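Colleague: Turn these sequences into a full structure, and let the hints steer you where they fit.
Below, each chain spelled out in residue letters.
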Amino acid sequence: MLKAIGVRSVDDLFAPIPAECRLDRDLNIPRQMAESEIVDWFKLRAKESGEGYTSFLGAGAYSHYRPVIIDALVQRGEFLTSYTPYQAEFAQGTLQAIFEFQTMISELTGMDLANASMYDGSTATTEAVMMACRISGRNSAVIARSLHPEYREVLRTYATHQGIPLKTVSFADSGRVDLEDLRKLVADDTACVLIQSPNFFGTVEDVEAIAEIAHQHGALLIVSIAEAVSLGIVEPPRAADIVAMEAQSFGVPLGFGGPYCGVLATKEKFVRQIPGRLAGQTVDKKGKRGFVLTLATREQHIRREKATSNICTNQALVALMVNIFMIVYGKVGLKELAKQNLAKIAYAADQFAKHAKVLFASAPRFNEFVVETSEDPYAINSRLLGHKIVGGLPLKKFYPELGNAALWCCTELTTRSMIDTAVGLVADSERAVRSMKEPEEQGVAR
Amino acid sequence: MKHMTRKATRHISQNESLIFEKSSPGKAAWKLPPLDVPEADTAKLLGKQEREDLGNMPEVSEIEIIRHFTRLSTWNYAIDLGMFPLGSCTMKYNPRVNEFVSRIEGLANGHPYQPEKISQGALRIIKTLSDCLIEITGMDAITLQPAAGAHGELTGMLMVRAYHQSRGNPRKKVLIPDSAHGTNPATAATAGYAVENLKSNDRGMVDVSALAAQMNEDVAALMVTNPNTLGIFEQEIHKIAELMHAKGGLLYMDGANMNALVGKARPGDFGVDVMHLNLHKTFSTPHGGGGPGSGPVAVKNTLEPFLPKPVVITKPDGTLAFEYNRPQSIGRVRAFYGNFGMFIRALAYIFANGPDGLRQTTEDAVLNANYIRKGLEGVYDLPYSTPSMHEVVFSDKAQAKKGVRTMDLAKRLIDYGFHPYTTAFPLIVPGALMIEPTESEPKEELDLFIEAMKSIAEEVDEDPQFVLDAPHNTRISRLDETQAARKPVLRWRPQNG
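Going down the list, the sequences are from chains A and B. For the first sequence, the residue numbers in the working numbering are 1 to 446. For the second sequence, the residue numbers in the working numbering are 1001 to 1497.
Keep in mind that the hints were calculated from the coordinates and are not lab data. One thing to keep in mind: the hints can contain errors.
Pairwise CB distance ranges (calculated) [stated by the list, open to error]:
no. : chain 1 : residue 1 : chain 2 : residue 2 : range
1   : A       : 415       : B       : 1006      : 51 to 61 Å
2   : A       : 52        : B       : 1217      : 50 to 60 Å
3   : A       : 163       : B       : 1314      : 33 to 43 Å
4   : A       : 165       : B       : 1493      : 51 to 61 Å
5   : A       : 289       : B       : 1217      : 48 to 58 Å
6   : B       : 1493      : A       : 285       : 21 to 31 Å
7   : B       : 1034      : A       : 287       : 26 to 36 Å
8   : B       : 1451      : A       : 52        : 28 to 38 Å
9   : B       : 1011      : A       : 163       : 50 to 60 Å
Because the structure is a prediction, the values reported are computed rather than measured. By construction, the Cβ of each residue, glycine as well, lies at the ideal position given by its N, Cα and C atoms.
Modeller: Set out below in structure tokens:
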């Protein structure tokens, strides 16, 4: 090959790099490893990564069963090693899959249309706010404190630099958005109200009441959904203008936080303001049905600095996992799956309530609930860890006002015996605290 | 068929309808275990929030799902089927060991909020990959949080902004060469900057005198790609960096073309202050039909305080932890820690190569591109004679005289069993054919590609209309994109089925 090119050595090909820019030593990185060594190294890391623990964590990342056909299909090289389907004649498989994905997401969210996916729920939510600003021509947002705290952080990063003021609406004793507070905060310059439902505490919001307040002021309503399985049994937020969703629950591994699958869905009239890729149906020269990426004039490779967003990928392969999951469960299975999740949480919340305080009990919830204990939940969790159980997420890091509260999650994979064991250990903690307090109190009385 | 193609041939492929068109009540591919707790009284628990109907969600059996997606998959082209010479996209082989290790129980099922005490393995992966990427780029610090290249760009530019802000003035403008990828200006605008175009010189490089004239204290940064989108190394990169730094500006490097540099040159050594990488390009994580990607951002020490939070630190006892107390941080750009599954794959790739392998990879990538350049020189117009690194850009100048443009040539290439090169980009080359073979291609595949491109050029001479009507061998012919955009049909409905 060198001869064909007409050079003597490969080094000649690197002559364009000025000598002072060249690296004249080996990179200081681990030496080349055989495949068996690579596998061993990662297996060791897996052992140090919580393998074999039972977990009650949710909070935006949920452990649901993943039907095995998902990985069998997404590992087909034609999906795994293909590119963004710009050359439509050669990528109909990916394009049709996206079209089906968009259809099912629209059906489930109650929206008119959905895009081909976004990076994740947090960035989808952020893009939804920027989209609402473009649509309304306004430049401020009211966001629920019960929105996932990390979603709020991501939004704040973008909003700060775009000069979008954010106001935060608190939650009421029910765990739902405080409607009185919301009425005070929404004004005629509000681009959107952003809530999550089921919210970070697992509480299902009264979306219609919130929509009414937002719409009275001409603001849009964005509903963020972090637990997609809820859509099987919880009424979708039809009154919303934009739905921003994290679809990880639909067949995507927890994977220590990613890659996941964000989605944006909206009303027909806003189609030209939605960011991200869209697959559309059309015909070929012979009238045969086919699919293409469409409305590309919104995107960066055409519009450059005037694009609706700088985004130029979706999460195609992860969206394909979601796609297959939605089809496996389908119209009936998704409902039954959601019902099982609901049954587990109802049982777990009842059991916890016998020994500790379950907060926000007056509003409906999906598969998470908040338990307030007398003892610091970090201390309880470290004891649970000894039993190979990861307890609920202590909330004081995000919500100092909730004190010793923790967010517990159950899914269809949580067994009754796991719940009973965890409840037993929490009950032990409550009893221990009580028995410590009682002599003290008696002492004071004396 | 005009000319015969040695790589591809016609083949029976299955027709397949939309999944909704195969649905009928009662079919199912799921089964739940028996419930071990009392059944939920949904009406009581949810009240009016209970959902009744799931609309047009499908009901199909498992074999139908397997066939559905297997059939669809056969309609795609993929690296596993052959060369994918998309310029600036670095479509290299995606090693299967990467897929295997990313699915190891424990790594695949780790919860992002599980205690750090039982997450040391995952943290070790993040730390080891970070260290490797810092060494490869010659930078000082890194974040792996951004979910894709463009997301990394935005993260980098927000850090540029935060840096200038901390010095009292965020500045107003970002300079971007006219050869840049479209995300660069879109990103600068998203970060709140006005975009000012920078002209290339006649050798296809940044015009340093133009830069000197345009650079002033309103300019926050220059976003440069090196090698640039013409596949040309910016030979005056040191001078460019000096010009930027002299007026307090920063040099941002788009790492899309890092596959030309790994083990041979390091951006940190030629004046770059901040850059992003694409793990799905340089570090072999699969493109997956358009994602997921991963876009780490590496910086010099001056920008380290502004990294997104959290960052991974080593505690005095040697264990790893997430550090959140970062007062100057730009904040988060994504929930959790980024596309962790891609970190595993990229690290497996680095392990499989080591220092020698990575250097060899870069050399092979550059060798392959130059081999194609030599093979097609004279057949297609080469607008810039400056030496090529890992990719080469031709133009359709000769073929355009017959009315055949780069997109038409690309469509005909499909018939020959190749994915098209990148068309009509960079914008400074009218009718560009941007070709990046990567190191993965054996000489035999490169020869087939060169032969195909030569054959197409002959076809243009003999019968341009035949090329204009391509592709001829695909399931469907060219699609009506105008109709798709004018009346968008973005979902299936029973009535349009």
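Colleague: Now look at each hint and say whether the structure bears it out.
Modeller: Quick rundown of the hints versus the structure:
no.	hint	result
1	A:415 / B:1006: 51 to 61 Å	58 Å, holds
2	A:52 / B:1217: 50 to 60 Å	58 Å, holds
3	A:163 / B:1314: 33 to 43 Å	38 Å, holds
4	A:165 / B:1493: 51 to 61 Å	40 Å, violated
5	A:289 / B:1217: 48 to 58 Å	57 Å, holds
6	B:1493 / A:285: 21 to 31 Å	25 Å, holds
7	B:1034 / A:287: 26 to 36 Å	51 Å, violated
8	B:1451 / A:52: 28 to 38 Å	55 Å, violated
9	B:1011 / A:163: 50 to 60 Å	56 Å, holds
Going down the numbered hints, you'll see the structure goes against 4, 7 and 8, while the others check out.
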